[in-house]
Amino acid sequence: MHGELIEFNERLHRALVAKEALVSQMRQELIDLRGPVPGDLSQTSEDQSLSDFEISNRALINVWIPSVFLRGKAANAFHVYQVYIRIKDDEWNVYRRYTEFRALHHQLQSAFPQVRAYNFPPKKAIGNKDAKFVEERRKQLQSYLRSVMNKVIQMVPEFAASPKKETLVQLVPFLVDVAPAGEPLNKNSRPKVVSRFPKLSRGHPREMRNVEPQSGDL
321 MHGELIEFNE
331 RLHRALVAKE
341 ALVSQMRQEL
351 IDLRGPVPGD
361 LSQTSEDQSL
371 SDFEISNRAL
381 INVWIPSVFL
391 RGKAANAFHV
401 YQVYIRIKDD
411 EWNVYRRYTE
421 FRALHHQLQS
431 AFPQVRAYNF
441 PPKKAIGNKD
451 AKFVEERRKQ
461 LQSYLRSVMN
471 KVIQMVPEFA
481 ASPKKETLVQ
491 LVPFLVDVAP
501 AGEPLNKNSR
511 PKVVSRFPKL
521 SRGHPREMRN
531 VEPQSGDL
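Mapped onto my numbering, the consecutive letters of the sequence shown carry residue numbers 321 to 538.
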């Protein structure tokens, strides 16, 4: 009887460990797909200082990078990242190159030294044609923007209390939904897209055909 109890406890323990691992995996997949879930404190080390009020509001302010696509041809080709922002029921897209992300990072470091601790993907001139590299950079930039958003919520109580698109784009002009001069980004000008999600939210454009990412001068 004693041996049977020990064996039963071992089986139960293994089952619990397996279920915990599955829950953790599914939670991470949900975060990757839809952004931080309410109460999630895993985005940055500073999140432990967020109040319950800030955490509840953060769930209403989320950022994704669902797609990466190529513009230009041959040696002049470069990647553009689709940045999708949602504040409550307000949502919009902006399109930025990696160089623009780097410029944002340098600006924020000057204003907020804590930003230096954020995981920002380094520049890479060789090997940037690999699809795995493009996908990994997409994830890193998405995580970085979410860390920046958490910092905005911490540093600007007025915005946390009443989050609005107009306020956010004043605080972070990087998120203004205006195409760069001379480079209109309309539906007809977007080449091969790597879309992560079939539908981001109600009213979002239909999913584009899933194509392997291409790479050039990032």
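Among the clues, some could well be false.
Claimed, not checked - Below, a list of computed lysine-lysine pairs in the DSS-like style, where the Cα atoms sit at most 25 Å apart:
1. Lys408 x Lys459
2. Lys339 x Lys408
3. Lys443 x Lys459
4. Lys485 x Lys471
5. Lys444 x Lys459
Stated by the list, open to error - The calculated label-pair distances, taken between Cβ atoms and stated as ranges, are:
6. Val476 x Lys339: 24 to 32 Å
7. Val496 x Asp409: 15 to 23 Å
8. Ala423 x His333: 47 to 55 Å
Derived from the structure by calculation, the hints contain no laboratory data.
Please read these numbers as outputs of a predicted model, since none were measured by experiment.
Glycine included, each C-beta is placed from N, C-alpha and C at the ideal position.
Status of the hints after comparison with the structure:
1. Pair hint Lys408 plus Lys459 holds up; C-alpha atoms about 23 Å apart against a cutoff of 25 Å.
2. Taking the CA atoms of Lys339 and Lys408, the gap is near 33 Å; set against the 25 Å cutoff, the hint is violated.
3. Taken as a hint, the Lys443 and Lys459 pair is honoured in the structure, with Cα atoms around 15 Å apart against an allowance of 25 Å.
4. Between Lys485 and Lys471 the CA atoms are separated by roughly 16 Å; this keeps the pair inside 25 Å, and the hint holds.
5. Our distance criterion of 25 Å between C-alpha atoms is met by Lys444 and Lys459, whose separation comes to about 16 Å.
6. At about 40 Å, the beta-carbon gap between Val476 and Lys339 misses the expected band of 24 to 32 Å.
7. For Val496 and Asp409, the Cβ-Cβ distance of about 19 Å falls inside the hinted range of 15 to 23 Å, so the restraint holds.
8. Between Ala423 and His333 the beta carbon distance is about 51 Å. The supplied range of 47 to 55 Å therefore holds.
The structure is inconsistent with the numbered hints 2 and 6, although it conforms to all the rest.
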